[in-house]
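Visitor: Sequences listed follow chains R and B, in order. For what it's worth, our numbering labels the leading residue of the first sequence as 1, then goes sequentially. For what it's worth, our numbering labels the leading residue of the second sequence as 1, then goes sequentially.
These are computed hints drawn from the structure, not numbers from a lab. A quick note: this is a predicted structure, and the numbers were derived from the prediction, not measured. Be careful, since some hints might not be right.
[Claimed, not checked] Chain R residues, not near chain B, derived (Cβ > 10 Å throughout):
| # | residue |
| --- | --- |
| 1 | R180 |
| 2 | G214 |
| 3 | D269 |
| 4 | D541 |
| 5 | G635 |
| 6 | E810 |
[To be verified] Result set (DSSO-like, lysine-lysine): computed pairs, CA atoms no more than 27 Å apart in a straight line:
| # | chain 1 | residue 1 | chain 2 | residue 2 |
| --- | --- | --- | --- | --- |
| 7 | R | K755 | B | K689 |
| 8 | R | K689 | B | K689 |
| 9 | B | K784 | B | K689 |
| 10 | B | K784 | R | K784 |
| 11 | R | K689 | R | K784 |
Every residue, glycine too, gets a C-beta built ideally from N, C-alpha and C.
Each chain is listed here by its residues.
2 protein chains.
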Amino acid sequence: MQKHLDLTAFLEITATAPIAAATHGGRAKCLQRLIRLDLPVPATVALSFDTVRALASGQRLDTGRLMAAFGEGALVSVRPSSADPDWGGPGAILNIGMNDARHAALTISHGAAVADALYLRFIRAYASNVARLDADMLPGGEASAETLAAALAAYQAETDEPFPQDPAVQLAEVLRSMARAWEGTTARLLRQARGAPADAGLGLVVQRMALGLGPGVSGSGVIQFVDSITGRPQITGRYRAQAQGREAMENGEGTLFLIRDPRGPSLEDVAPEAFAALVAHGQSCRRNLREEMQIEFTLEDGRLWILDAVRVQRSSRAAVRIAVALAEDGIITPDEAVLRVEPRALPELLHPQVDPAAARDPFARGIPASPGAATGRLVFSAAAAQASAARGEACILVRRETSPEDIRGMHAAAAVLTERGGITSHAAVIARGLGLPCVVGATGMQIDSRNRTLRAADGRLFREGDTITVDGTTGEALAGAPRMLEPALDEAFQALLGWADAARDIGVRANADTPADARMARAFAAEGIGLCRTEHMFFEDDRLTVMREMIFARTADDRRAALDRLLPMQRADFVELFRIMGGQPVCIRLFDPPLHEFLPTSREGLRELADALDLPLSDVTRRVEALSEFNPMLGLRGVRLGIAMPEIYDMQARAIFEAALEASRSGAPVVPEIMVPLVSARREVELVKTRIDAVAAAVRTRTGQDFAYRFGVMVETPRACLRAHEIVQHAAFLSFGTNDLTQMTYGLSRDDAGKFMGTYVSQGVFPEDPFHILDPDGVGELLKIGAERGRRGRPEVTLSICGEHGGNPESIDFCRSAGMDYVSCSPFRVPVARMAAAHLALRDRSRARDPVESGR
Amino acid sequence: MQKHLDLTAFLEITATAPIAAATHGGRAKCLQRLIRLDLPVPATVALSFDTVRALASGQRLDTGRLMAAFGEGALVSVRPSSADPDWGGPGAILNIGMNDARHAALTISHGAAVADALYLRFIRAYASNVARLDADMLPGGEASAETLAAALAAYQAETDEPFPQDPAVQLAEVLRSMARAWEGTTARLLRQARGAPADAGLGLVVQRMALGLGPGVSGSGVIQFVDSITGRPQITGRYRAQAQGREAMENGEGTLFLIRDPRGPSLEDVAPEAFAALVAHGQSCRRNLREEMQIEFTLEDGRLWILDAVRVQRSSRAAVRIAVALAEDGIITPDEAVLRVEPRALPELLHPQVDPAAARDPFARGIPASPGAATGRLVFSAAAAQASAARGEACILVRRETSPEDIRGMHAAAAVLTERGGITSHAAVIARGLGLPCVVGATGMQIDSRNRTLRAADGRLFREGDTITVDGTTGEALAGAPRMLEPALDEAFQALLGWADAARDIGVRANADTPADARMARAFAAEGIGLCRTEHMFFEDDRLTVMREMIFARTADDRRAALDRLLPMQRADFVELFRIMGGQPVCIRLFDPPLHEFLPTSREGLRELADALDLPLSDVTRRVEALSEFNPMLGLRGVRLGIAMPEIYDMQARAIFEAALEASRSGAPVVPEIMVPLVSARREVELVKTRIDAVAAAVRTRTGQDFAYRFGVMVETPRACLRAHEIVQHAAFLSFGTNDLTQMTYGLSRDDAGKFMGTYVSQGVFPEDPFHILDPDGVGELLKIGAERGRRGRPEVTLSICGEHGGNPESIDFCRSAGMDYVSCSPFRVPVARMAAAHLALRDRSRARDPVESGR
């Protein structure tokens, strides 16, 4: 026979009862707090996780005694109370205790309508949740004596038993069914998907019902004191007379405004004292629970009952404002405010968003590759995008896929939409760098570039110039211009990030190639530029021609002559960057890509090039072919080019030094950092450093001015990680380029991985796309080896990572533990990185203070 | 004032004097051995390394006393005696002691001609080597009283001193100048380039001259008892009457045959007793010095003197025969015979060579990419090569560079010559695999493929059909057909390799893709196939069409239908391989390359493909473009293809299993090994293994026959090395693919590295091309990590390396120390690998026996 549980299995919630979220769940704990604040909470009993587990395994509770504790004739509700409300749980069941006798008594005290309604509601809830009958097996319709009788008859017909009349039996069955529901496979999978541990427990809260139906001012509602979207102080909520529980959430007869309103009656009007008490309770909750709470309340014949309080749901921008306000009011510390905003929530604030309340008309769906939304006129080519930008018209660039030739078009566009590609495609990476909303891999639409039309999967035809919107946060393309919310870089945002900066212990720089990037980096308070790629500077029209002359030069002298013409342009680029960064460190990566990236491939492009260089087409074609490579990623680029054609790095170094001198004259002194890419052997670094030191000496001699600079290495081949102790002998800093390192560690080209990455992640071959989330096992081990050996070889070396991974919280965690000095990421990731770094540092400190608590 | 050296600084060589090669040099040691054998060696004194060093630094020796030791009026010679004769040293100086008085005495005893000749020779040698006068400062011409007087006068005019008359002074100056010459920078660099340590010492040997000029049978010569080219027993050498030292080496008056000869007089005729003694001394030397020696001798008025003996110079094939003969005669052990042949010398034996004595007419020079020589008719295309082979005519394929489309042409050719590419270019790698002589990067010649002509740098024009010869050992292309030496896979070679097999402790397999490769692997006694690449099997004409149909299939069903047609061909390939290998293990790598390698790129090829597949050209072009990749090396290939299109591996596995059953029925049971390429994560292996196990089960069910197979992983990404402990959970063996691993560790494409590898190696960035010599630091560390973690994860796992590096002695050394079970290399490298493995094992054993001796 089954054992009865001990009577201590239930525990009345009082100010002193031993209730903890870890044993009885968050709701029970919160109710105890409300009780401690002397809020009018109806009598409440909590069942612990252990008790509910025992119930699920078949043990019984003395529910007769439990019902008796609530007093003769009381109705009760049961609500779930798990450790985290996000983990879900069975729905609340109200009005337990209704039976024929209670129905008769209520008919006398509250009238037949109330009695019928309460009994019918309970029968329906019990039938569905405990007896597991389908909803259509009981008669529908409004409560009435007939419906009630029919429901009782139907219940008996379906279950072969009369509806249970003993409140103790009713409660026992309700508790048992809720305990079992928690153990069901679906519920378990759902909550584990939300982060619940495998052994997550369910507590249950049994509370005496405040009816909300009946004589006098009776009804139920919820109230909160901030706006969930904006986070601004504002009383919002709902109240409905003659209602209980979730009914208040539905508009209908009896719904009132909460506060006085010219449009109609309000709670403040009909129950001013109760309303004032509610507001006072709200303030008390905020101050004492140190959080913005939504309060669930019931008025029972004019008397206010507080049934429950939950954390206010909030948008990311509201989360920032709420946390900052709590800290500014002295309720929480700035550190706590920082910890209350998830780093991942920030990107949403940095971009305009489609208003969640606006109507949406999606015509294509793809991969959300870069967040934010933008509206503009449809264009199908980089040239059209630039023309549109020149006219001052926002445009959306739509391409099958993008290539380096589209970069200036992307700069000109407000957003990008491509048919092909994945999260790491060219379009996606560039768009994230530029902070452009971007959707890639929007399959199903047909792009006709020649006729400049786009046919959506649903058949709609869009033409160049049509207005569309790209929502890079959801991965949708929308017809027209839905209402937008502007970015939220307000004072609250700045305050929070300032507190984050005070808390964190690892630096954050930005990857910035252009003045626009650099300005953004400053705006987001990056501590300098960690990666300035110089190759983009050669793609501009006037420079590209000179660049091509340089590539086609037959001798080192001819090459130098072309480079001499590039020098002033490069110098001007750097002067501008240095000025924008105002003395902050700027780490410039020397020329990296293979030269053939600068050459045309189309027949027409080759012909134009032949004309420009005044060479026979066959000659140009042959040279272009000779420069092409089987695997450009692994070819003649980076330091290899620097050694094979040292004139390029000479020119760049000179431009950097001269620019540093020029910028220092009119502003803060500049100490440029020069970084050499794709290193795999110590001697490569030695050779380049020798030449760059010579260039520095020549500039010093020619100008008669002294200056300092730092020389370092981009560590992005597995071999450079393994030989970091040697390489660091010639390097003041090592910056780990995780993009290329990931490519080489996996033997996987980022540009080509799109074809199978989907299959790979869905089959669990890779837990995540390693270009998106740093692979801690393979790439991570190489990073750790590199950092450790680099530090060992030169203890004062500056270590950092740059690349797409730099801004991810996981990467920052990794970099801190690997002893790195800073991370560098795209400007739009800088706020996330600052927050994530602060979270990690604060958690470490709290762990150090209280190892047991935080170790759980 | 300068110190005089102690008298113990010189030591007469006797049977018991404390002479060692390490203190007095090899020549001194060898002379002592000759003395111990009672050979008639003139009185000889040895100066140690320390003494010579002291002389070089200015100290003096009591040369008067030394001259006196040789007896009144004796002439002496001085010869160098370094630890290794290959390290060079100053030339011998003869006739020290000649002066006016001795000249007068010799004029009486031997006649004026002898006296004049000896004195003049000494003056000339002294002037040039000691006084450092230019050769043309002394009068030339035959010895005579006038020439002699003119020489003495010229000496005095140039040096302001009379020619030194004191033999002690002469000797002191000769010793000092030889000691100083050894310390010169050029001499130092030269010997260090030959492997000498920085502190290598020079000993000197002072020997009483046996004159070789004068009355009776007088003269000098050298004799040896084997042929230096073939190694066969044969008395060869030279003798010249009235000659001394190197004069015997020059034909001229007095030159005789050594042994009786119908063409003229011989030493055997004129001095039969001395000749018989020489032969007896030769036998004694061989038996007691345990080596074939060349003996330098002088007859002085009929009396035989043995001046010196040196190891016979020998070709690689002679080295093998000599070592084997010594072992077969019981003079050395088989292990010693193995150690006496350098593994690197073997490739020369495996290929025909241009006879070193033949006339050569080179018209182009390039990089010797694959050893051996072959003659044939010039062809300019793969098709022409195949046509030529079909006619049974040897041909030489000449291309600017080769691509995979040329492979069948290379199979058909006798040798390959390309204008472009380096040691790791496609042509070079394939040629080494095929064992074809190959010269790449032969710049300066102009190939006109359309007109089928080749213009050499010297202007000569060659047309298709002209006979040329490629010498892959020297890197030359020769006009015509010089005389060749055939490969030397004779009994001696087989005996030696057999002894090597008995000595070694690591397995050697061959990389073999075709039946021809497999037969070669058997011929070279590989212990199985370590890497059978299956992709070549799909390039044959009939298969390529089906392959392309497979690639263009729209559905998995269509793909399977095409694969079903490939299945019997694959199965037949494997049956043949299994039969050839007769039950030895065969490790088959599943399909690896990206699919676009099987598609045409030219416009014409695309049109043909469209015809063949009955598809619109635009459709075919678009599909081909869609399959193209930015970095094919890092793209959709290997296991990624196996997971994205599992039907391919399914087909291959089925073909392998069915072939194993078929081959086992008629021969030794076959246990195939199946290897999956390009793995970077454990789950990849798991997914493929699951499917292959299912295919095995299906084949077992269908045939009702059981069979075993082994499943393993090709470890060729850095990540696979780092995660070897996980990956090995699903693998019975791990084979490290060092080619791809090198590419990824360096971030360096083998196909593209040619453009700068030359610069890199010459500037010392890389000490060696890492595709040629395994990089021990970077790639090596990953291999060690992979081997160690693989072994730890599964102690019984079989570990090996395959790839170009497999046959190199350095790699084998590395693999032994990393605990690998076997190496696999191209068939032509197998003998080298067997020898190298034996050397390593024997050296380890000798080190274990005698740690001090071998530790030097």
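Visitor: Holds or violated: are the alpha carbons of K689/R and K689/B at most 27 Å from each other?
Guide: violated, 49 Å
Visitor: Has the given pair, K689/R with K784/R, been kept, meaning a C-alpha gap of at most 27 Å?
Guide: holds, 25 Å
Visitor: Just checking, R180/R versus chain B, shortest CB gap more than 10 Å?
Guide: holds, 36 Å
Visitor: Compute the least Cβ-Cβ separation between E810/R and chain B, then decide whether it is above 10 Å.
Guide: Correct as stated: the minimum Cβ-Cβ distance to chain B is 18 Å, above 10 Å.
Visitor: Does the structure keep K784/B and K689/B at a Cα separation of 27 Å or less?
Guide: holds, 25 Å
Visitor: Are all C-beta atoms of chain B more than 10 Å from that of D541/R?
Guide: holds, 25 Å
Visitor: Determine whether the non-interface label on D269/R survives the test: each CB of chain B must be over 10 Å from its CB.
Guide: holds, 65 Å
Visitor: Check the non-interface label on G635/R: least C-beta distance to chain B beyond 10 Å or not.
Guide: violated, 4 Å
Visitor: Between K755/R and K689/B, is the straight-line Cα distance small enough, at 27 Å or below?
Guide: holds, 22 Å
Visitor: Beyond 10 Å from every Cβ of chain B: is that where the Cβ of G214/R lies?
Guide: Non-interface label on G214/R holds, nearest chain B Cβ at 62 Å vs cutoff 10 Å.
Visitor: Assess, step by step, whether the Cα of K784/B is no farther than 27 Å from the Cα of K784/R, and give holds or violated.
Guide: Holds, at roughly 18 Å.
Violation of the numbered hints given earlier is confined to hints 5 and 8; the remaining hints are satisfied by the structure.
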